[in-house]
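> Residues per chain are reported as follows:
Protein chains: 2
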Amino acid sequence: MKWSKALIPTLKEVPAEADIISHKLMLKAGLIRKVASGLYNFLPLGFKVYYKIENIIREEMDKAGALEILMPILSPAELWYETGRWGLYGKELMRLKDRANRDFVLGPTHEEVVTDLARTEIKSYRDMPKNFYQIRNKFRDEIRPRFGVMRSREFVMKDAYSFDRNEFCSEESYKNMFEAYNKIFNRCGLNFRAVEADSGNIGGSFSHEFMVIAASGEDTLISCSACGYAADKEKAESISASSGNEKEDLKTLEKIHTPGQHTVEQVVAFLKTTPAQLVKTLLYMADGKPVAALVKGDDELHEIKLQRFLGADELVMMTAEQVETYSKAPVGFAGPLGLSGMKIFADNAVAKLRNFVIGANEKDMHYINANFDRDFKINKFIDLRVPGEGDLCVKCGAALSSLKGIVVGHTYKLGTKYSKTMKAEFLDEDGKRKLMVMGCYGIGLARVIAAAIEQGNDENGIIWPMAIAPYHVIITALNYKDEKIKALSDSIYEELKTQGVEVILDDRDMSAGFKFKDAELIGIPVRITIGNKAVNEGLFEIKLRKTGEEFAVKREELSNKVTEIILKEQVK
Amino acid sequence: MKWSKALIPTLKEVPAEADIISHKLMLKAGLIRKVASGLYNFLPLGFKVYYKIENIIREEMDKAGALEILMPILSPAELWYETGRWGLYGKELMRLKDRANRDFVLGPTHEEVVTDLARTEIKSYRDMPKNFYQIRNKFRDEIRPRFGVMRSREFVMKDAYSFDRNEFCSEESYKNMFEAYNKIFNRCGLNFRAVEADSGNIGGSFSHEFMVIAASGEDTLISCSACGYAADKEKAESISASSGNEKEDLKTLEKIHTPGQHTVEQVVAFLKTTPAQLVKTLLYMADGKPVAALVKGDDELHEIKLQRFLGADELVMMTAEQVETYSKAPVGFAGPLGLSGMKIFADNAVAKLRNFVIGANEKDMHYINANFDRDFKINKFIDLRVPGEGDLCVKCGAALSSLKGIVVGHTYKLGTKYSKTMKAEFLDEDGKRKLMVMGCYGIGLARVIAAAIEQGNDENGIIWPMAIAPYHVIITALNYKDEKIKALSDSIYEELKTQGVEVILDDRDMSAGFKFKDAELIGIPVRITIGNKAVNEGLFEIKLRKTGEEFAVKREELSNKVTEIILKEQVK
Numbered sequence: 145m146k147w148s149k150a151l152i153p154t155l156k157e158v159p160a161e162a163d164i165i166s167h168k169l170m171l172k173a174g175l176i177r178k179v180a181s182g183l184y185n186f187l188p189l190g191f192k193v194y195y196k197i198e199n200i201i202r203e204e205m206d207k208a209g210a211l212e213i214l215m216p217i218l219s220p221a222e223l224w225y226e227t228g229r230w231g232l233y234g235k236e237l238m239r240l241k242d243r244a245n246r247d248f249v250l251g252p253t254h255e256e257v258v259t260d261l262a263r264t265e266i267k268s269y270r271d272m273p274k275n276f277y278q279i280r281n282k283f284r285d286e287i288r289p290r291f292g293v294m295r296s297r298e299f300v301m302k303d304a305y306s307f308d309r310n311e312f313c314s315e316e317s318y319k320n321m322f323e324a325y326n327k328i329f330n331r332c333g334l335n336f337r338a339v340e341a342d343s344g345n346i347g348g349s350f351s352h353e354f355m356v357i358a359a360s361g362e363d364t365l366i367s368c369s370a371c372g373y374a375a376d377k378e379k380a381e382s383i384s385a386s387s388g389n390e391k392e393d394l395k396t397l398e399k400i401h402t403p404g405q406h407t408v409e410q411v412v413a414f415l416k417t418t419p420a421q422l423v424k425t426l427l428y429m430a431d432g433k434p435v436a437a438l439v440k441g442d443d444e445l446h447e448i449k450l451q452r453f454l455g456a457d458e459l460v461m462m463t464a465e466q467v468e469t470y471s472k473a474p475v476g477f478a479g480p481l482g483l484s485g486m487k488i489f490a491d492n493a494v495a496k497l498r499n500f501v502i503g504a505n506e507k508d509m510h511y512i513n514a515n516f517d518r519d520f521k522i523n524k525f526i527d528l529r530v531p532g533e534g535d536l537c538v539k540c541g542a543a544l545s546s547l548k549g550i551v552v553g554h555t556y557k558l559g560t561k562y563s564k565t566m567k568a569e570f571l572d573e574d575g576k577r578k579l580m581v582m583g584c585y586g587i588g589l590a591r592v593i594a595a596a597i598e599q600g601n602d603e604n605g606i607i608w609p610m611a612i613a614p615y616h617v618i619i620t621a622l623n624y625k626d627e628k629i630k631a632l633s634d635s636i637y638e639e640l641k642t643q644g645v646e647v648i649l650d651d652r653d654m655s656a657g658f659k660f661k662d663a664e665l666i667g668i669p670v671r672i673t674i675g676n677k678a679v680n681e682g683l684f685e686i687k688l689r690k691t692g693e694e695f696a697v698k699r700e701e702l703s704n705k706v707t708e709i710i711l712k713e714q715v716k
Numbered sequence: 145m146k147w148s149k150a151l152i153p154t155l156k157e158v159p160a161e162a163d164i165i166s167h168k169l170m171l172k173a174g175l176i177r178k179v180a181s182g183l184y185n186f187l188p189l190g191f192k193v194y195y196k197i198e199n200i201i202r203e204e205m206d207k208a209g210a211l212e213i214l215m216p217i218l219s220p221a222e223l224w225y226e227t228g229r230w231g232l233y234g235k236e237l238m239r240l241k242d243r244a245n246r247d248f249v250l251g252p253t254h255e256e257v258v259t260d261l262a263r264t265e266i267k268s269y270r271d272m273p274k275n276f277y278q279i280r281n282k283f284r285d286e287i288r289p290r291f292g293v294m295r296s297r298e299f300v301m302k303d304a305y306s307f308d309r310n311e312f313c314s315e316e317s318y319k320n321m322f323e324a325y326n327k328i329f330n331r332c333g334l335n336f337r338a339v340e341a342d343s344g345n346i347g348g349s350f351s352h353e354f355m356v357i358a359a360s361g362e363d364t365l366i367s368c369s370a371c372g373y374a375a376d377k378e379k380a381e382s383i384s385a386s387s388g389n390e391k392e393d394l395k396t397l398e399k400i401h402t403p404g405q406h407t408v409e410q411v412v413a414f415l416k417t418t419p420a421q422l423v424k425t426l427l428y429m430a431d432g433k434p435v436a437a438l439v440k441g442d443d444e445l446h447e448i449k450l451q452r453f454l455g456a457d458e459l460v461m462m463t464a465e466q467v468e469t470y471s472k473a474p475v476g477f478a479g480p481l482g483l484s485g486m487k488i489f490a491d492n493a494v495a496k497l498r499n500f501v502i503g504a505n506e507k508d509m510h511y512i513n514a515n516f517d518r519d520f521k522i523n524k525f526i527d528l529r530v531p532g533e534g535d536l537c538v539k540c541g542a543a544l545s546s547l548k549g550i551v552v553g554h555t556y557k558l559g560t561k562y563s564k565t566m567k568a569e570f571l572d573e574d575g576k577r578k579l580m581v582m583g584c585y586g587i588g589l590a591r592v593i594a595a596a597i598e599q600g601n602d603e604n605g606i607i608w609p610m611a612i613a614p615y616h617v618i619i620t621a622l623n624y625k626d627e628k629i630k631a632l633s634d635s636i637y638e639e640l641k642t643q644g645v646e647v648i649l650d651d652r653d654m655s656a657g658f659k660f661k662d663a664e665l666i667g668i669p670v671r672i673t674i675g676n677k678a679v680n681e682g683l684f685e686i687k688l689r690k691t692g693e694e695f696a697v698k699r700e701e702l703s704n705k706v707t708e709i710i711l712k713e714q715v716k
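Protein sequences, first through last, are from chains F and L. Taking the numbering used here, I'd label the letters of the first sequence as residues 145 to 716. Taking the numbering used here, I'd label the letters of the second sequence as residues 145 to 716.
Just so you know, the hints here were simulated from the structure itself, not pulled from any lab data. Small disclaimer: the values here were computed from a predicted structure and weren't measured. It is possible that part of the hints are untrue.
Pairs involving identical chains hold if they fit within one copy or between any two copies, as the list cannot separate such chains.
What the hints assert, rightly or not - In silico DSS-like links for lysine-lysine, alpha-carbon gap of 25 Å or less: (1) Lys399 / Lys472; (2) Lys690 / Lys548; (3) Lys319 / Lys149; (4) Lys496 / Lys395; (5) Lys630 / Lys641; (6) Lys472 / Lys487; (7) Lys677 / Lys641; (8) Lys267 / Lys146; (9) Lys661 / Lys267; (10) Lys327 / Lys641; (11) Lys156 / Lys267; (12) Lys687 / Lys677; (13) Lys507 / Lys395; (14) Lys578 / Lys149; (15) Lys641 / Lys625; (16) Lys172 / Lys267.
Input sequences plus hints: build the corresponding full structure.
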């Protein structure tokens, strides 16, 4: 491609609407343009990157035996009634009526349609395993679209759905996809981690997120460098690094007047102790029923962990009125001793405490030297904490660290969640009809682009991994009007193209400085400069975008050298 | 691919919903399944064909210098207000509101979005020509979706839009696309014709349709084998083959009582003449104004030609009441003599008539020996007839023939229709701001598949052109449980794959007859049969789907022979 024939509208100024680096650079480098809130055009350069990622995904999915299909975006409401997601999904689900007033959904994912396909076409255990995938537009009416294509309302997703005859085979299919995902993100040249994750809206038994590591990432992952354990913050389990005081003798329980002291900080200052020696009692309504959760004063309750443990559809903190009703005291004085009408769950770290402070369910009163079992009963100790830096790994006990990342893929072990509600059955070898066991697997293609930029950039612009760069090579012709420079540039351009090198020739009538800036901004891995030095001395300057390394090669070495650089950087 | 790993749910029975051969075969061969009215899943085999067509299109578009982009399907209503299509499009346009109650359209085409892109990013004449395309889902809420994927409500379209600095350059861009389309449909292996067509809803100055010739086609094209002229029925001009009687002397006009005779047949029988000697007077309201159109009694008025000539947004036949008001007579007796308050246009064939019959604008009365100029005035003679078999070519005078076909592509010279309403301007070389001149170019990918099947099928199933067949070769292993047959089949399967041959191995535990039937049904061009004959005699039977030709080759010749057949059939 010659630059003059392309459309690469680079910008000098950072557009005001952009808040993160990938969004800024995608606009500046002319990869995308906004159409409306959360809706973007991918311009030719952006499309090239998108299409490379699409092809890497397709190749690896095909290699993994998945079957590509195409399902309509318009998905009839009837299927969504069957799974109940019509009611559950809320406003994020875009809905419309056709001319006959029938309800349709713009698919945000395609479990309903693909399960309908499977229950019709898969009849016997012999027909499985099957894994159907498509690469198409998805729609989610985000309440606050942001970060450019990272959280947009329409986006291309590769979504795959596996169908198996039993749990064991389904786990094999899951592992197969897990490996395919590792290959895909490796081939894209990304530094990423596969982490255990929460299943969220999609549901199912377990899931992994594929996170591209980037300091600017909006997600946090907790990982153990010793044993490799990694999970997103919402899912991560950990052991509190504080050892507790479980060896201490039990002291005598005492009720103390703590006038006006109701935050952890106030109470521990007043009682001259530490947050680690206080136990907070947090009161919730889970699907309309009261429940109490205890965590140490220096820990934070992880609501999702509590909700998941309870299997509740809805978990909300009690209102001040509800707190008064159940604890018989104003907010700030609830405690497990004397609390009735609800179950009490405590975080594992509480189990190591003795002689701690708790609320007394009475205005301005706390107990000191409280102890579970002796003074009150805990229904169960479970993991309820938000894991923190310095916590210990539940698998190996080593120290955990936290990293920022961007989720680009998500795999879910769905079990029979959808096949049950939609009656997706098959005839098994033993002659019995059974439910298919499902998995689903998504990759957000635009997110991969944005994450690659978050991971690869400097003050001058984007630094693409070779595999997904829009072009491998940019030829910067310093003065293309000069006949000799033009002839030389054109001949090298043609030669490289013949060798399968993807090359863009900057043939614009612009200054060298301007062209160099644009080349850096759009992040092409290899730059070849052609000016008088090339014409007169036969020396071609090569500059590598990633390292900044510069060197000159002779004409006859040029294309071999370039091919070598490209091959070295491509992950196969 | 091994058949057992694929999903190819062939059907024995023709599904009741299908009315045309391509729809029947696409269902029977397991290419598609219906999701809802006008909405289809493309199953793996159908997707393979789709994807081959997509790639042929992409390659030829890229070669033609067009730039691939990706525009959102959700398109903000504001852009549609600008062009007025929000109001004009009617119920076919699918509309929805987002959570903030803003109006959006599911793009049926993308003129609005792409013109908005062009007016923002194309600034100077130096930035043109530009041609942007995408290959994505489109939406049209057809009142009666039918013929399977041929007329569905969601379909993938390649839509391209060219922007040029003036008419001359725009025509160059048009020609460039016209050539690319010829290459695309040639490479797809289709027998097609590019025909002049009406611009319809999209508007603009001229257009071509690319029609795949098939007896079952819903469109008619008129073509001249002598000079190559071809046009669709709505657009075709022609010369009536009847020579008329223009040399006759003018006879005396007479008013005749024709009681109760008001159809052409009744009147000519009563007057003992022929339909060719009668002139029908048809009364219309064009945008609310009355107009009369005259055609010979044996010709049919082509309403679209009249409407286009008048430049009317709406053309409707007068109601009986309106006929009485304007002609002062009941329906069936209108005539040009004495007709006032409206213009009168006549078909060119009327110009050759003398002494003909017309209505007298009086109940039960006709004139005989009427003549224009002498008795009444014609405002203009124009082409108003539906062309018929046997008509003569307007370009060379040779006889025209009509063919049935299926429209798979459409190119439009848009002029400044959209750039004017949307103010898509650029700075020209002379320092003046001018409107960009546009063209647009569409291909319906699913229509290409259906048309290929309409053109290529027999009583046993589909006959694919090599270039878009889902697989080049099917290996029918007669008894795959037999160790020797399995080993031989697998080794040939691997060998062919290594050579880049796309091959499916039918490894199912089914009878030979069943497998042969399925192979014919899904239409794979080359079948290799592997049974005892192959194992014992080293002879491999090859059968070609298209010709039915069968022959045997030796092991060592097999892959060369297969490659040779494939190459011969591929259009490059």
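> Would you mind marking each hint as holding or not holding in the structure?
Hints versus structure:
For the identical chains of this complex, Lys399 and Lys472 are intra-copy neighbours only, at 16 Å inside a copy versus 108 Å across copies, given an alpha-carbon limit of 25 Å. Within a single copy, Lys690 and Lys548 get their C-alpha atoms as close as 22 Å, which meets the 25 Å cut-off; across copies the closest is 59 Å, which misses it. In this assembly of identical chains, Lys319 and Lys149 lie within 25 Å of each other by CA distance solely across copies; the values are 18 Å between and 45 Å within a copy. In the homo-oligomer, the alpha carbons of Lys496 and Lys395 lie at most 25 Å apart inside one protomer (15 Å), although the nearest pairing across protomers, at 122 Å, exceeds that limit.
For the identical chains of this complex, Lys630 and Lys641 are intra-copy neighbours only, at 16 Å inside a copy versus 43 Å across copies, given an alpha-carbon limit of 25 Å. Within a single copy, Lys472 and Lys487 get their C-alpha atoms as close as 16 Å, which meets the 25 Å cut-off; across copies the closest is 92 Å, which misses it. In this assembly of identical chains, Lys677 and Lys641 lie within 25 Å of each other by CA distance solely inside one copy; the values are 23 Å within and 48 Å between copies. Within a single copy, Lys267 and Lys146 get their C-alpha atoms only as close as 54 Å, which misses the 25 Å cut-off; across copies the closest is 18 Å, which meets it.
With identical chains, the CA atoms of Lys661 and Lys267 are at most 25 Å apart between copies only, with a shortest distance of 21 Å across copies and 60 Å within one. In this assembly of identical chains, Lys327 and Lys641 lie within 25 Å of each other by CA distance solely across copies; the values are 22 Å between and 27 Å within a copy. Within a single copy, Lys156 and Lys267 get their C-alpha atoms only as close as 59 Å, which misses the 25 Å cut-off; across copies the closest is 16 Å, which meets it. For a Cα distance limit of 25 Å, the shortest separation of Lys687 from Lys677 inside one copy, 15 Å, qualifies, whereas the shortest one across copies, 62 Å, does not.
When the C-alpha separation of Lys507 and Lys395 is checked against a cutoff of 25 Å, the pair qualifies only within one copy, where the shortest distance is 24 Å, while the shortest distance between copies is 119 Å. Taking the shortest Cα distances, Lys578 and Lys149 sit within 25 Å of each other only across copies (21 Å), while inside one copy they are farther apart (58 Å). Only within a single protomer do Lys641 and Lys625 lie at most 25 Å apart by alpha-carbon distance; the minimum there is 22 Å, versus 49 Å between protomers. When the C-alpha separation of Lys172 and Lys267 is checked against a cutoff of 25 Å, the pair qualifies only between copies, where the shortest distance is 17 Å, while the shortest distance within a copy is 52 Å.
Taken one by one, the earlier hints all hold for this structure without exception.
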